[in-house]
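In terms of the numbering used here, the sequence shown opens at residue 219 and continues consecutively.
A few of these clues could be false.
List time: in silico DSS-like cross-link candidates among lysine-lysine, alpha-carbon distance up to 30 Å [what the hints assert, rightly or not]: (1) K245 / K276; (2) K271 / K258; (3) K271 / K245; (4) K288 / K271; (5) K245 / K288; (6) K229 / K242; (7) K258 / K245; (8) K273 / K258; (9) K288 / K273; (10) K258 / K229; (11) K271 / K242; (12) K245 / K229; (13) K276 / K288; (14) K242 / K276.
Between beta-carbon pairs, the in silico distance windows are [stated by the list, open to error]: (15) N323 / D289: 40 to 46 Å; (16) D225 / L275: 35 to 41 Å; (17) T301 / I270: 27 to 33 Å; (18) L275 / A321: 25 to 31 Å; (19) R285 / P248: 23 to 29 Å; (20) T297 / A321: 26 to 32 Å; (21) E283 / A317: 22 to 28 Å.
It is worth saying that the hints were derived from the structure and are not from the lab. Even for Gly, the Cβ is constructed at its ideal location relative to N, Cα and C.
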Amino acid sequence: MGLPLEDALAKEQDPSINTESWAKAIKRHPQFSAVYNSAKGSFYDEALRRLIKDKNLKWLCWVLERRHSKDFGRTPGPTVNVTQTQEIVGVPNELLARAREYARNAK
């Protein structure tokens, strides 16, 4: 079904079945890992094939950006630093001083 492993294990409603017990079971029986990975790969394959058939590829992009962010993730946009200045170009300082005084008194 594509559930994350932790959620699939919790669905069993048994506190002894969790990610730690899963890891121990994989160590004791490595063949489980191949079966799990195969099922996970089959789910991804089918899910992506269904998304590709859809006319609206935004869902495919969403999956690729989040699930495979290393390869398809969006790069962060540029960082902009804004500093506030006390000057306003083209306005006389004397007028600015009066406006600031008025603003302080209006509070």
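Now for the hints, and whether the structure bears them out:
Taking the CA atoms of K245 and K276, the gap is near 39 Å; set against the 30 Å cutoff, the hint is violated. Pair hint K271 plus K258 holds up; C-alpha atoms about 20 Å apart against a cutoff of 30 Å. In summary, the hint linking K271 to K245 is not supported, as the alpha carbons are separated by about 39 Å, beyond the 30 Å threshold. Distance hint between K288 and K271 is fulfilled; the C-alpha atoms sit about 24 Å from each other, no more than 30 Å.
At most 30 Å may separate the alpha-carbon atoms for a hinted pair to count; K245 and K288 meet this at roughly 28 Å. For the given pair, K229 sits about 19 Å from K242 by alpha-carbon distance, which is consistent with the 30 Å threshold. Annotation: proposed proximity of K258 to K245 holds, straight-line Cα distance about 19 Å (limit 30 Å). For the suggested pair K273 and K258, the alpha carbons sit about 25 Å apart, so the restraint of at most 30 Å is met.
Restraint check for K288 and K273: the C-alpha separation of about 25 Å stays at or below 30 Å, so the hint holds. Simply put, K258 and K229 have alpha-carbon atoms about 17 Å apart, close enough for the 30 Å limit, and the pair holds. Taking the CA atoms of K271 and K242, the gap is near 39 Å; set against the 30 Å cutoff, the hint is violated. Only pairs whose Cα atoms come within 30 Å are accepted, and K245 paired with K229 is accepted, the gap being roughly 22 Å.
At most 30 Å may separate the alpha-carbon atoms for a hinted pair to count; K276 and K288 meet this at roughly 18 Å. A hinted pair counts as satisfied when its Cα atoms are at most 30 Å apart, and K242 with K276 does not qualify at roughly 38 Å. Between N323 and D289 the Cβ separation comes to about 59 Å, which falls outside the hinted range of 40 to 46 Å. The hinted range of 35 to 41 Å is not satisfied by D225 and L275, whose Cβ atoms lie roughly 27 Å apart.
For the pair T301 and I270, the supplied restraint of 27 to 33 Å is violated, since their beta-carbon distance comes to about 47 Å. Take L275 and A321: their Cβ atoms lie about 51 Å apart, and the range 25 to 31 Å is violated. R285 and P248 have their C-beta atoms about 25 Å apart, which keeps the hinted 23 to 29 Å range intact. In this structure the hint that T297 and A321 lie 26 to 32 Å apart at CB holds, the actual value being about 31 Å.
About 47 Å separates the C-beta atoms of E283 and A317, a value inconsistent with the hinted range of 22 to 28 Å.
Violated hints for the displayed structure, listed by number in ascending order: 1, 3, 11, 14, 15, 16, 17, 18, 21.
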